[in-house]
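Chemist: We have chain A; now place chain B onto it with these hints.
The residues making up each chain are set out below.
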Amino acid sequence: MSKKQNVTTTSTGAPINQKPLGTRIWNNRGYYLMFLPVLVFVIIIYYWPMLGVRYAFYQYKLKNITWVGLKNFETMFGKKEFWSAFTNTLQISITKLLITTFTSVLVSVFLNEMHNLFAKKSLQTIIYLPHFMSWAVVAAIFQLFLSTSSTGFVNETLKSMGLIAKSIDFLHSKQLWRPIFYIINIWKETGWGTVIFLATLSGINPELYEAADIDGASRLQKIWYVTVPALMNTVIIVLILNLAKVLNLFESVFVLYNNRVFDVSDVISTYVYRQTFLTAIPDYGYTTAVGLFKSIVGCVLVLVCNWASKKIRGRGII
Amino acid sequence: MAQVKAGSMRVQAKKNKVHVFDIVNYIVFVIIALIVLIPIWKVLVDSFNSVGVYRFMLWPEDFTFNGYLTIFTTVRLYRPFLNSVITTVLGTLLGLILSTLGGYVLTQKDMPGRNALSFFLLFTMIFSGGMIPEYLVMKQLHLVDTMWILVIKHGMNVYNLVLMKNFFEGIPESLFEAAKIDGCSPMGIFFKIVLPLSKAALASIGLMYAVTVWNDYSTVQIYITNPDQVNFQYKLRVMIMDGDTPTTAYKVSQNTLYYAAIVVAILPFMAAYPFLQKYFVQGVNVGAVKE
Numbered sequence: 073m074s075k076k077q078n079v080t081t082t083s084t085g086a087p088i089n090q091k092p093l094g095t096r097i098w099n100n101r102g103y104y105l106m107f108l109p110v111l112v113f114v115i116i117i118y119y120w121p122m123l124g125v126r127y128a129f130y131q132y133k134l135k136n137i138t139w140v141g142l143k144n145f146e147t148m149f150g151k152k153e154f155w156s157a158f159t160n161t162l163q164i165s166i167t168k169l170l171i172t173t174f175t176s177v178l179v180s181v182f183l184n185e186m187h188n189l190f191a192k193k194s195l196q197t198i199i200y201l202p203h204f205m206s207w208a209v210v211a212a213i214f215q216l217f218l219s220t221s222s223t224g225f226v227n228e229t230l231k232s233m234g235l236i237a238k239s240i241d242f243l244h245s246k247q248l249w250r251p252i253f254y255i256i257n258i259w260k261e262t263g264w265g266t267v268i269f270l271a272t273l274s275g276i277n278p279e280l281y282e283a284a285d286i287d288g289a290s291r292l293q294k295i296w297y298v299t300v301p302a303l304m305n306t307v308i309i310v311l312i313l314n315l316a317k318v319l320n321l322f323e324s325v326f327v328l329y330n331n332r333v334f335d336v337s338d339v340i341s342t343y344v345y346r347q348t349f350l351t352a353i354p355d356y357g358y359t360t361a362v363g364l365f366k367s368i369v370g371c372v373l374v375l376v377c378n379w380a381s382k383k384i385r386g387r388g389i390i
Numbered sequence: 362m363a364q365v366k367a368g369s370m371r372v373q374a375k376k377n378k379v380h381v382f383d384i385v386n387y388i389v390f391v392i393i394a395l396i397v398l399i400p401i402w403k404v405l406v407d408s409f410n411s412v413g414v415y416r417f418m419l420w421p422e423d424f425t426f427n428g429y430l431t432i433f434t435t436v437r438l439y440r441p442f443l444n445s446v447i448t449t450v451l452g453t454l455l456g457l458i459l460s461t462l463g464g465y466v467l468t469q470k471d472m473p474g475r476n477a478l479s480f481f482l483l484f485t486m487i488f489s490g491g492m493i494p495e496y497l498v499m500k501q502l503h504l505v506d507t508m509w510i511l512v513i514k515h516g517m518n519v520y521n522l523v524l525m526k527n528f529f530e531g532i533p534e535s536l537f538e539a540a541k542i543d544g545c546s547p548m549g550i551f552f553k554i555v556l557p558l559s560k561a562a563l564a565s566i567g568l569m570y571a572v573t574v575w576n577d578y579s580t581v582q583i584y585i586t587n588p589d590q591v592n593f594q595y596k597l598r599v600m601i602m603d604g605d606t607p608t609t610a611y612k613v614s615q616n617t618l619y620y621a622a623i624v625v626a627i628l629p630f631m632a633a634y635p636f637l638q639k640y641f642v643q644g645v646n647v648g649a650v651k652e
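Same order as they appear, the protein sequences are chains A and B. Quick note: the first sequence uses this note's numbering, first residue 73, plus one each step. Quick note: the second sequence uses this note's numbering, first residue 362, plus one each step.
Here chain A stands alone, though its shape is the one from the complex (with noise of 0.2 Å):
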């Protein structure tokens, strides 16, 4: 209300502000009309489903529908599954973005040494493409080059090099699911990430190079103490805007994952779609207690990620 109240003594000049508000309302109502369509959308796709967030309360199979209290919270804190599917979440959410991240930064360095135009836009080009795949597509890939047939690329290349003896199941090894998931991240998010680098690199004054090369600098010099030090504050930023995300990995994990890695692989999302809609008898109710859990942990992630934000940059996320 107070901000509302800013907007009518600041905004100074714009004789409407002073006219009462139901003339107000009336002189806009060409707008109002206009975000009509806006609201059913937003109610329809957010706001209605929110209301359904109640069923975590109850007990929802097939038909019936009974109130059970905090029963589904208790279930779910005393199963094993839950508490494995919300530590991988963390686990593989977290290395995931701190190994692109990184990858990243050190692609848009060395990209920005690049002084060739050409070759640099290229590049560009090149490293961006991945991005635009969707998960199912890369997993169609990964799948097929790391298989263990005949035509699997990956084993009868290493094979024929003699690095290994016998066909690896890459995709089903408990040990070799997250570094293998890792690396297709890597490929998949690496160029599309140094977009926004390269950005804050394209702002950096060019005086601080020709400082350095006056003080004698090397090139390593110059990445060392005048661009990284640049990127710092972009990294933080990139850092809080994805550390909000975390909770929801899904499809990525789900086009990879089979049930013989689920200790490794299995999170929030992939758990609640397997207990609702590959079980014979579904809790809608559970299942929706679980994801209630996991948009209140989300919700207080992007509040401290927001408030980080506003502290950093002065800017929130929202």
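Hints listed in this document are in silico derivations from the structure and should not be mistaken for laboratory results. Heads up, some of the hints might be wrong.
Stated by the list, open to error - Cut-off 25 Å, straight-line C-alpha distance, at most; resulting in silico cross-link-like pairs (DMTMM-like, lysine to aspartate or glutamate):
{"id": "1", "chain 1": "A", "residue 1": "K133", "chain 2": "B", "residue 2": "D506"}
{"id": "2", "chain 1": "B", "residue 1": "K612", "chain 2": "B", "residue 2": "D423"}
{"id": "3", "chain 1": "A", "residue 1": "K193", "chain 2": "B", "residue 2": "D383"}
{"id": "4", "chain 1": "B", "residue 1": "K639", "chain 2": "A", "residue 2": "E153"}
{"id": "5", "chain 1": "A", "residue 1": "K91", "chain 2": "B", "residue 2": "E538"}
{"id": "6", "chain 1": "B", "residue 1": "K560", "chain 2": "B", "residue 2": "E538"}
{"id": "7", "chain 1": "A", "residue 1": "K91", "chain 2": "B", "residue 2": "E534"}
{"id": "8", "chain 1": "A", "residue 1": "K91", "chain 2": "B", "residue 2": "D471"}
{"id": "9", "chain 1": "A", "residue 1": "K91", "chain 2": "B", "residue 2": "E422"}
{"id": "10", "chain 1": "B", "residue 1": "K612", "chain 2": "B", "residue 2": "E422"}
{"id": "11", "chain 1": "A", "residue 1": "K382", "chain 2": "B", "residue 2": "E530"}
{"id": "12", "chain 1": "A", "residue 1": "K294", "chain 2": "B", "residue 2": "D383"}
{"id": "13", "chain 1": "A", "residue 1": "K135", "chain 2": "B", "residue 2": "D506"}
{"id": "14", "chain 1": "B", "residue 1": "K500", "chain 2": "B", "residue 2": "D589"}
{"id": "15", "chain 1": "B", "residue 1": "K560", "chain 2": "B", "residue 2": "D589"}
{"id": "16", "chain 1": "B", "residue 1": "K639", "chain 2": "B", "residue 2": "E530"}
{"id": "17", "chain 1": "A", "residue 1": "K246", "chain 2": "A", "residue 2": "E146"}
{"id": "18", "chain 1": "A", "residue 1": "K192", "chain 2": "A", "residue 2": "E282"}
{"id": "19", "chain 1": "A", "residue 1": "K193", "chain 2": "A", "residue 2": "E261"}
{"id": "20", "chain 1": "A", "residue 1": "K192", "chain 2": "A", "residue 2": "D241"}
{"id": "21", "chain 1": "A", "residue 1": "K294", "chain 2": "A", "residue 2": "E185"}
{"id": "22", "chain 1": "B", "residue 1": "K500", "chain 2": "A", "residue 2": "E228"}
{"id": "23", "chain 1": "A", "residue 1": "K151", "chain 2": "A", "residue 2": "D335"}
{"id": "24", "chain 1": "B", "residue 1": "K639", "chain 2": "A", "residue 2": "E185"}
{"id": "25", "chain 1": "B", "residue 1": "K470", "chain 2": "B", "residue 2": "E530"}
{"id": "26", "chain 1": "A", "residue 1": "K193", "chain 2": "A", "residue 2": "E279"}
{"id": "27", "chain 1": "A", "residue 1": "K192", "chain 2": "B", "residue 2": "D383"}
{"id": "28", "chain 1": "A", "residue 1": "K231", "chain 2": "B", "residue 2": "D471"}
{"id": "29", "chain 1": "A", "residue 1": "K246", "chain 2": "B", "residue 2": "E534"}
{"id": "30", "chain 1": "A", "residue 1": "K246", "chain 2": "A", "residue 2": "E228"}
{"id": "31", "chain 1": "A", "residue 1": "K152", "chain 2": "A", "residue 2": "E323"}
Modeler: Positioned in the frame of chain A, the structure of chain B alone reads:
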């Protein structure tokens, strides 16, 4: 003065020398480019190769179109492709309509309730009902098992709406004032001034919507079981996971068909991408770097 000049001359000399650093840098980037390109090139070559081989080849050994012919003559395969095209076009249109309308209205500083409406939209970025309540709502609306779910679900993206609003805020206020004085209605201003000035933003945000809808796999996985309604991404995955290959008039190896399907699934954007790269990148920069 002289010292500065000598210094800058030394700088000049340093710049003209070919550094070991540059050579290493170029070599590293050639390797990076190859890491990205080899998988893509292998997929492309193998989709035209009638025999399945594990090796990486620069050119198909035995050239064939049968993979593609199979996809575009088998109902079970081209139907999902058409569904993908339809939902992507409609989803992008709906997305652009809603985000331009919403973004435009939210730039109206005199409008009572503007902050409340903004908050109403932004709250959805903080809290969501979750997968199951969303599913139950869509079930109630009879949207489960139809491809329209793809259009509806992606047609309203608050983040894109905010990007649009940020862009509109860059349009000089005086243009709106002048139009208002001339008696232009809100709709008139929207169509005659706002949209024509926003072609670049419409292109980037339109592309963002198009990529999202075309590439969506999980929505289909969650909501759609009817094989007539699935999109191409889903079909591709099911085909490879289940080893399901259609019987066809064309002689085609499983491998060739899979790789051809992958190419079809990425083709629209790969073909447009080199020409539209600027718009793809713009979207990110508008949103994230704007201070």
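Chemist: For each hint given before, does the structure comply? Return the numbers of the non-compliant ones in rising order.
Modeler: 4, 9, 15, 17, 20, 22, 28 and 29
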